[in-house]
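Could you fit the two chains together into a complex? Lean on the hints.
If you read the protein sequences in the order shown, they are chains C and B.
Residues in the first sequence are numbered from 445 upward in steps of one, following the working numbering.
Residues in the second sequence are numbered from 1027 upward in steps of one, following the working numbering.
Quick caveat, the hints were computed from the structure, so don't treat them as lab data.
Glycine included, C-beta positions come from ideal geometry on N, C-alpha and C.
Be a bit skeptical, because a hint or two may be false.
SDA-like cross-link-like pairs, simulated, lysine to any residue; straight-line CA separation at most 20 angstroms [stated by the list, open to error]:
id, chain 1, residue 1, chain 2, residue 2
1, B, Lys1194, B, Arg1137
2, B, Lys1180, B, Lys1194
3, C, Lys482, B, Lys1180
4, C, Lys482, B, Arg1063
Restraint ranges, calculated between C-beta atoms of paired labels, are given here [said to hold, decoys possible]:
id, chain 1, residue 1, chain 2, residue 2, range
5, B, Met1162, C, Phe684, 38 to 44 angstroms
6, B, Thr1069, C, Val460, 31 to 37 angstroms
7, C, Phe785, B, Asn1089, 40 to 46 angstroms
8, B, Ala1183, C, Phe715, 51 to 57 angstroms
9, B, Ser1037, C, Phe684, 34 to 40 angstroms
10, C, Ile600, B, Glu1150, 48 to 54 angstroms
11, B, Lys1038, C, Trp688, 44 to 50 angstroms
12, B, Met1059, C, Ile590, 50 to 56 angstroms
13, B, Asn1054, C, Pro546, 24 to 30 angstroms
14, C, Ala697, B, Glu1150, 43 to 49 angstroms
15, B, Asn1054, C, Trp688, 32 to 38 angstroms
16, C, Pro775, B, Met1162, 21 to 27 angstroms
17, B, Lys1180, C, Phe785, 38 to 44 angstroms
18, B, Glu1105, C, Trp688, 43 to 49 angstroms
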Amino acid sequence: MFNRKTGLIIAGILIVFGLVGALNILIHGEHAMGTNNKVPWGAMIAGYVFFVGASAGLSIVSSLGHVFKIERFEVIGKRALVGGIATLLMGFVVIALELGKPFNMIYILFSPGISSAIFWMGALYGTLLVLLLAEFYFVIKGKHAIASTIGIFVVIADVAAHSNLGAVFGNSVARSFWNGPFIPIYLIVLAILLGLGVLAVMFYIIDKTNATKDSLVYRNEHIVSIIGKLMALFIVISFFFMFWKLFTSTYGAAPGQYEAAMALLAGPLSFNFWVFDVLLMMVIPFILLMTKNGFQPQRVFLAGILTIIGNLFVRIDLVFAGEIVEFTFLPGQESQYLHAFVSWSEWGVLLGAIGGSILIYLLAEKYFNLDEEHEHHHGESKANKPVEA
Amino acid sequence: MARYGLVIDDSKCTGCTACTIACQLHNNLEPEMTYNRLEILETGTYPNVKMDIMPMQCMHCDNAPCVSVCPTQATYKREDGIVAIDYDKCIGCKYCMTACPYDARKLNEERVPVKCRWCPEYLEKGEQPPCAATCMNDVRVFGDLDDPNSKINKILAENEVVSLLPEKGTKPSIFYVKK
Ligand code: SF4
Ligand code: SF4
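Just chain B, with the same shape it has in the complex (with noise of 0.2 angstroms):
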């Protein structure tokens, strides 16, 4: 059984927002949804700015709270580390929502707290899913953890990565290369 992660590296991102595009599009989403997003910084005065961007989504935590405080186990954690939801089962009390440390969940029209999938049936195949092939720079790599060939574990043995919010706990399976 695979282990997925995903590997961001933001200094690459020109914040052109294909990414949420691309995922919008394959998912369905409703106009005002989004599974994935940028945060982005804007620092110093003309002419000497600066722009940090952050791509962000569900960290599908190895730890993750939204799993533990799920009453229902709606929200569940498969063994291939992926953090996944079963509607049928959401009683929609968005505690999951207050449990996030990463503002990774919306509220869908069926008050039902959605949130990145990790689009499984691409990442089964091998395949990277629409938001890291869609990307000009391969910002976002995902791959299988526990493959000692694939290109995700290349990318971590060559890159000093961070995770976020390492205080919380979580274990996120999302790491940032330093910068």
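Looking at chain C on its own, in the form it has when it is part of the complex (with noise of 0.2 angstroms):
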């Protein structure tokens, strides 16, 4: 069923859906997005959050086997980095799709604005950009210990750019429902959901196509077990997250916090709250994952499938909920709760950048070698050489 021409097939289609949903809002602008002027941030902001998110929770991953060197996950190790790059690429081209004159953005070095959270996003992003590709480039070349340093690096770099980013919603006095510390601890919560359900996934197919030479199974366990079990954990804790920032914005309504926590809980986003964030994101893979024979690789690539979802409306219904509420001025003014979706240009948008996701990793597994194995254990240089970036 898995083979490299279904994967270019399904990253080429969903790259075509990407193509026409970018011309059109490069056509139309804001008019083929989802968002108005009441509620200015929308999928194209979540998408970039959910793509970044991918390469930072695929980074802290990997980090446990070639940063804190616990052997058993060494063997992810260098197409977790791919993955990275290539989330964090998709999550670039998302995030210029959305912003309404890119090149501008060249004056982030001529007139900083240093309070600003979206300009210490473009400097660390940047800098995280550089770093993965030098640690790739020294993984290719096999220079392991020049690699593993730079990895201590990326892992710096990435939470600190990801909880970063989510201190841009965190910082905003006028969203109640996002001002605070809880966006940016969540958010690297739940891009290591996001990169265990990639990997889970990733290594899945992997296996199936005998697409690595290294063994994936470490000690009579699967690799694809291991991340299922860690998966487990942090659907828990995700859900322990959920459930205080819902618990504490609801009880005693909390001013403008609480129609926001309704909003998801009862209110407009409530459909896609319960099956989507609660459903697919937790209950189901928590069920497929804890049931008898839950660890089978195959039932963890199931379940890291449904989490891939509903991580990705986790971060768009977040993104909603912080707008959503209407502001009032006058006393005694009821607010209502504002209409925003997300529009097929979105949605084409984010497909592609699966697909543009799908097909860098492809072409990297084409032209490097991306196994573990045989250098650490017999140190050849493979017939397939390296291509260099």
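Have a look at this one:
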């Protein structure tokens, strides 16, 4: 069922969706998006957070092997790195389409607004991309000592960049539901869960297609099963975060936060919230994993797919929930829920970015040697010689 | 250097929207674009009804969140207190829109979040901008807060005033006469 060709076809189809959506946004600007003056941020922002979140998650999880030297995780190293680069690049594509005037980004260098979390976002993600590419270069060259030193900085930069991205929301005094330390912390948890989901899917397919010479079994345990166990743990942690955020927001009707939380629980976002955020990201994967034979690779693969889809929706819902409650200014004025949605062009771009990530990964798999095994144990170079980037 | 402020006495507002139209004409705005608006609340049931009207626009905050969140300093605070936008530096991230607690910004067709400019071309000459000049009841009075003899300072001295959403810490430069 899976092979490189199917992968390329799927990527190609998704990229076509992406190109059509992107073209529509380039031509019609904001009119092609589901946002408006009162709900200025929508699916493109959430999508960007999703892709860079996947990148952060992949880096953090793979650091268990190449930074913290836990042997059983070493096998995921290079492929996670490639995944991290691919998703980060796609995150940049999504945000570039979201920005009204992306070329003015140059002023981040000439007149930096250093009090802005978006300035830091640019600075940190820029640094991160350079570090990731450097790490990949040295990994491919077989210079493992320097690669793992860079790897340490990659994890630090990734956590800094991604939690700062949470601060883009957390700093907002105007939006009570976002305001505070919750989102920076929650985004890191979500990123790890997402990274685990992506790795489960990747390594299940890699195993099925015999794409690696590495042994994916460590002490009788398949890497996908190990990932599944971590996934179950991070589902519980995510639940814990989401529960207390919503509990504290609704308890005593915390002003400004109550209405936003209710939009998720019983308002216009409730279908998404219960179906995608709760069932798809957490409940069903958790049941799949925790029932008998739950850590079988196939189950983990399925749980991974569901948790990835849910993870995207959680971000869309977090972004909308912060903006959906209309501001009121006159005493006695009742606030209403505003309307915002994900337009077909935005869906197209998000699907295209998934396709783009798959394509970059498949190209890397083709042109570079992404196996760990024979380098560690035999130190010989592979027939399929690495091509320099 | 002057430090501009605006006092609004909304109890005098009739809801005629002449200010909105004067602003649109002066600033050549697209038809659906407005820099100032009226917040309207009707309460009660016929025949005992009441309408509260509050003119709203950019507050030119002294501690403006839109200025601090702007990644390229496209939005900046001038010395005279006006919060201005340099369109050529704006990346269109809309961070200022999410950061503003007063819903003061709207996206134009160039995808720049624009807002009331306080028309410095009038203020610098000591004149009232079109929104204030056109008003039949002097609902808006602009002026120099540092000039002890300015009309705005007289109104501020004679009336109790409030600013909107003081809990947000934005320190608006618009003061509403307390009803
Ligand atoms: S009212 Fe809004 S747009 Fe105007 S200065 Fe304050 S934060 Fe900025
Ligand atoms: S949209 Fe423009 S003015 Fe607003 S914060 Fe972004 S760069 Fe600054």
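Hints, verified against the model:
1. B:Lys1194 / B:Arg1137: The hint is violated at about 27 angstroms.
2. B:Lys1180 / B:Lys1194: Distance of about 27 angstroms is beyond 20 angstroms: violated.
3. C:Lys482 / B:Lys1180: Violated. Lys482 (chain C) to Lys1180 (chain B) sits at ~36 angstroms, over the 20 angstroms cutoff.
4. C:Lys482 / B:Arg1063: Status holds; Cα separation ~14 angstroms.
5. B:Met1162 / C:Phe684: 38 to 44 angstroms: Because 59 angstroms falls outside the window, the suggested range is violated.
6. B:Thr1069 / C:Val460: 31 to 37 angstroms: The hint (31 to 37 angstroms, Cβ to Cβ) is violated, given that Thr1069 (chain B) and Val460 (chain C) are roughly 54 angstroms apart.
7. C:Phe785 / B:Asn1089: 40 to 46 angstroms: violated, 34 angstroms
8. B:Ala1183 / C:Phe715: 51 to 57 angstroms: With a Cβ separation near 55 angstroms, Ala1183 (chain B) and Phe715 (chain C) satisfy 51 to 57 angstroms, so the hint holds.
9. B:Ser1037 / C:Phe684: 34 to 40 angstroms: Given a distance of about 51 angstroms, which is not inside 34 to 40 angstroms, the answer is violated.
10. C:Ile600 / B:Glu1150: 48 to 54 angstroms: Once the Cβ atoms are compared, 50 angstroms apart, the range 48 to 54 angstroms for Glu1150 (chain B) and Ile600 (chain C) holds.
11. B:Lys1038 / C:Trp688: 44 to 50 angstroms: Roughly 48 angstroms apart at Cβ, these two residues keep to the hinted range, so it holds.
12. B:Met1059 / C:Ile590: 50 to 56 angstroms: Holds, at about 55 angstroms.
13. B:Asn1054 / C:Pro546: 24 to 30 angstroms: Because 26 angstroms falls inside the window, the suggested range holds.
14. C:Ala697 / B:Glu1150: 43 to 49 angstroms: holds, 47 angstroms
15. B:Asn1054 / C:Trp688: 32 to 38 angstroms: Taking Cβ atoms as reference, Asn1054 (chain B) and Trp688 (chain C) lie about 50 angstroms apart, which means the hint is violated.
16. C:Pro775 / B:Met1162: 21 to 27 angstroms: At 26 angstroms between Cβs, range holds.
17. B:Lys1180 / C:Phe785: 38 to 44 angstroms: violated, 50 angstroms
18. B:Glu1105 / C:Trp688: 43 to 49 angstroms: holds, 45 angstroms
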